[in-house]
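S.K.: In case you want the letters, here they are:
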Amino acid sequence: MTPPLIFELSRSGRCAATLPELDVPPAELPVELLRDDLPLPEVSELDLVRHYTRLSQLNYGIDIGYYPLGSCTMKYNPKINEEMARLPGFVHLHPYQEEETVQGALYLIYSLQTFLAEIGGFAGVSLQPAAGAHGELTGVLMMRAYHLQQGDTGRNVILVPDSAHGTNPATTSMSGMTVVEIPSDGRGNVDMAALQAACQEHGPRLVGMMLTNPNTLGLFDENVAAISELVHRHGGLMYGDGANMNALLGIARPGDLGFDVLHYNLHKTFGTPHGGGGPGSGPVGASARLVDFLPRPIVAVDEARSSDGEMFFAWRDPPQSIGRVKAFYGHFGVMVRAYTYIRMLGAPGLRRVAEHAVLNANYLLSQVRGVYPIPYDRVCMHEFVCEGQVADAPDVRALDISKRLIDYGFHPPTNYFPLIVHEALMIEPTETESKETLDAFAAALRQIAEEARSDPDLLLQAPRQAPLRRLDEVRAAKELRLRWEEQGQELL
Amino acid sequence: MTVPQDLRYTKEDEWVRVEDGEAAVGITAYAQDQLGDIVYVEFPEVGDSFDQDEAFGEVESVKATAELYMPLAGEVIAVNEELEDTPELINQDPYGAWMIRIRIDDPGQVDALLDAEQYGRYLSERE
Amino acid sequence: MPYIPHSNEDRQAMLKAIGVRSVDELFRDVPEAVRFPTLDLPFPLSEMEARWELETLAEANFSVADGPCFLGAGAYHHFVPAVVDSLLRRGEFYTAYTPYQPEVSQGTLQAIFEYQTMICNLTGMEVSNASHYDGATATAEAVITAVNAHRLKRRKVVLSPQLHPEYRDVVRTYTQGMGLTIVGDEDPGADSSQLADRVDGETACLIVQSPNFLGQIEDLPGLAGAAREHRALLVVVTDPIALGLLKPPGDFGADIVVGEGQGMGAGLNLGGPYLGFFATRMEHVRKMAGRLAGQTVDAAGERGFVLTLSTREQHIRRERATSNICTNQGLLVLAAAIYMAALGRCGLRQVAELCYHRAHYAAGRIDELEGFAVLRDKPFFKEFIVHCPRPVREINQYLLDEWGIIGGYDLGRDYPHLQDHVLLCVTEMNPRQEIDVLVEALQEVTE
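Chains A, B and C are the protein sequences, given in the same order. Oh and the first sequence: position 426 is 426 in our numbering, straight run, nothing missing. Oh and the second sequence: position 95 is 587 in our numbering, straight run, nothing missing. Oh and the third sequence: position 28 is 647 in our numbering, straight run, nothing missing.
Among the hints, erroneous ones may be present.
Once the Cα atoms are required to be at most 30 Å apart in a straight line, the calculated BS3-like pairs of lysine-lysine come out as [claimed, not checked]:
no., chain 1, residue 1, chain 2, residue 2
1, C, Lys906, B, Lys555
2, C, Lys772, B, Lys503
3, C, Lys997, B, Lys503
4, B, Lys555, C, Lys772
5, C, Lys906, C, Lys866
6, C, Lys997, C, Lys866
7, C, Lys906, C, Lys772
8, B, Lys555, B, Lys503
9, A, Lys435, A, Lys79
10, A, Lys435, C, Lys635
Derived by calculation from the structure, the hints in this document are not laboratory data.
Taking the hints into account, I'd like the entire structure generated from these sequences.
M.R.: If you want it as structure tokens, here you go:
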């Protein structure tokens, strides 16, 4: 049973908030501009608390259990970060306050820019983008602006591997450019012959390439240096999708690997919560060539206003900036969390994060091998992809395995991505999970493979141990009931 | 997969029923099977003209979307409004559920379309 | 080691199972020349040391909790009831991902569905998505929606000069590769009534803000007429708190309503994370970007919710998607939903009235001061323009240094014709006593 909607709890005259009496003489209201009615719910504070508490109990989160959702880096979100983000001296800062009143915050932003530049091997960082996809848009617009500034107006092609996140091609189109897809080879790397051919064909029109490394198969592209060399030789730039940075902290710096621009995901790599879909934060790092194109503004030291040992921090617009990608400066609240995380781990801690993320993934891979097919079976990075198929159980699909995992108390892996793997199950353990958890998860996967042969209905009818059974997505897309209406509820 | 003899086909898995300089266009049984439960068709406006192979609309299931391409250059003279409310007809009766009717610009283009035998062979090559 | 549970025995057993001798061996694919760099980062801190450092940084700021604040301009100091943060901090909401697996995500999905409904009710629109990053990016997405609603056949966009300057900047950044012509704000001093003349048969949309950046309530019926005449979409950027009192833009024929939802349950946070709400009419639902929750049933016939119309989105449509957005502002959506439900029908109206009456009280008192004049050529809601006898920067410095007051926004920054004009904001967080203190302080400025 799902709970009633908040509107169904509404009773005329209730209110869950108290507000002060009017303490000034009332002004005349512009009657012709006033609304007649405000159809919002009317509930008591206790009803409200119970309603959202009940809703929360229908959710699964990292605080409840194992969440191996590939590509999403569902690691533990430290509680101290939440406390720090709620310090009144951070929460109650207005974005347009004078710089001298927010020096603590600007110091934090400046430091985080510096930390991320160091971790990624870049000349500069902007913290403005609000999410990974937003960082991608920023980075691609920067590459475009760079070429235009060079007087190179004929470039409009971006190379994207067939294993890429959908955001890569979508970003390319959004920026007014054309996607050329590059296939993967048998080892899961970019197909070098195809890349060579594409570079030759599109050379003078090449803006650059978008590459996720480790890629979405969880594999470190063995030819990354050669790829970067090839693209650069044809006048293109390298965009790095930093979704998988968790594998690279202290292991390799994307700037050193030849990337000109990269977005970080603070909500994946740096432990800030995903919040059921956001807020994320997608800072962008840029090489010396692109640093002047970062979105405005960034924080810099204002030498003129600094004095002996006391640095003064100020907002600065990079000289060739592509413009603002959002109002104000970015998700400051998320920055505070990531700053706290990096300060607590330091360089040795960050390297241990990557090492254990990769150790956990390879260990789990070793436990799943032989149970489910592994299409690209080599040492993986922080995640791996297997096929959600069981021999002698032809009706069972990856989705069924995922739904059955719910009955075992686990969140399913990512399904049906990357697109180049048939019935893909993409599994990312993260470093914060213990060996016992991985063993329990592997045991469940083995048990489910057994069930697929002996009693496939257990999978096909799964989940049964969740608040709801499988939902009818076809009906949702056909009927398009996208808001609650007083009439019509009885139809269901 | 059924492939009616009296229709012509494209490699984009559309069928074409040609009558008196006009043609009805839909998607084949194979195409609807690949898409799964169809939930929406985006139509062009009546009166729009398209070149051959130009995208004229789109068909959507829950997890996939496919563009619809003009098998023949021409002007749209009707769209099947019945599919707006009951897109599932495409799954149930793909060769009955026409999407648009067009006035053919160049009857010569018809001859280049696949016939049932050629399309059937094309399908088996892709299996 | 913080947050990593492995014991030495665990590591050894795991390496053995993998078939390697050391963790380093797992990184053989990384080019040796750049493998294992030494990162120059400060020494790691324990939790208590981290707390001390962060508390020191926080205390180095002067916040709106430290003194009266009359600064608005797109980010607002509104009251957040305790229930909001208390509920959204529940780990089940906080540590969940986007609700891809609906059977274990009904909490997030139902909350989004309720949010969508409340946004529709507030704006007078038919459908709301699950939000964008902020008001500015929602505005940029509205432009893209409008261009796609016209099937890319119209490429002209008319912007009001009284649309938030940073929103105009973001629209231009987003669309710089799309080949659009953006007009309307060439003269920052032009009145929005002149925008009607700029709309023609090539115009995809007309964007106006009401209450606008200067706090004024625009003549939406007039502008809606111009848009309708040329079949351009009318995009209205608005303040949800103002909609507690004012007629919703949907009543005036708006096609898309967007805005900054920060005032509904989110702190100021130096500008983010905030909440971009986006609502439109059903005819545009397939051209709208962003996540969308829809109602359906499960296999046992129970009511439930799923993400729907995913075929619009990048993970399916890839290069044919109109936006690359993946997520929404999940926690901010939840905060806004709880906020709207907590205040409800009567409470939000009360907040809006407090803002309105106090702002008008403040405007009246300041207008009486020697040397100050309030511009009153249009009705306003909670922000108003004051002509000052001295540069705004000097006045703000004085207010801060002598009175601990955070003054208003210096309009001369963006509007050359408004040199020495300040935009003051008064909300329910400014009791009469604070306003009276501000008046006293301003009086002193001229003495």
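S.K.: Against this structure, judge whether each hint is valid.
M.R.: Structure-based check of each hint:
Restraint check for Lys906/C and Lys555/B: the C-alpha separation of about 17 Å stays at or below 30 Å, so the hint holds. The straight-line distance between the Cα atoms of Lys772/C and Lys503/B is roughly 29 Å, inside the 30 Å bound, and the hint therefore holds. Restraint check: the Cα-Cα separation between Lys997/C and Lys503/B comes to about 62 Å, which exceeds 30 Å; the hinted pair is violated. Taking the CA atoms of Lys555/B and Lys772/C, the gap is near 28 Å; set against the 30 Å cutoff, the hint holds.
Between Lys906/C and Lys866/C, the direct Cα distance comes to roughly 26 Å. Compliance with the 30 Å bound is thereby established for this hinted pair. Restraint check for Lys997/C and Lys866/C: satisfied, since their Cα atoms lie roughly 16 Å apart, inside the 30 Å limit. Proximity of Lys906/C to Lys772/C is assessed by CA-CA distance (about 14 Å); at most 30 Å being required, the pair is judged to hold. At roughly 22 Å between alpha-carbon atoms, Lys555/B and Lys503/B fall within 30 Å of each other, so this suggested pair holds.
Distance restraint check for Lys435/A and Lys79/A: the Cα-Cα separation of roughly 22 Å lies within the 30 Å cut-off, and the hinted pair is therefore satisfied. This hinted pair checks out: Lys435/A and Lys635/C have alpha carbons roughly 13 Å apart, not beyond 30 Å.
Hint check: a violation occurs at hint 3 only; the rest are consistent with the structure.
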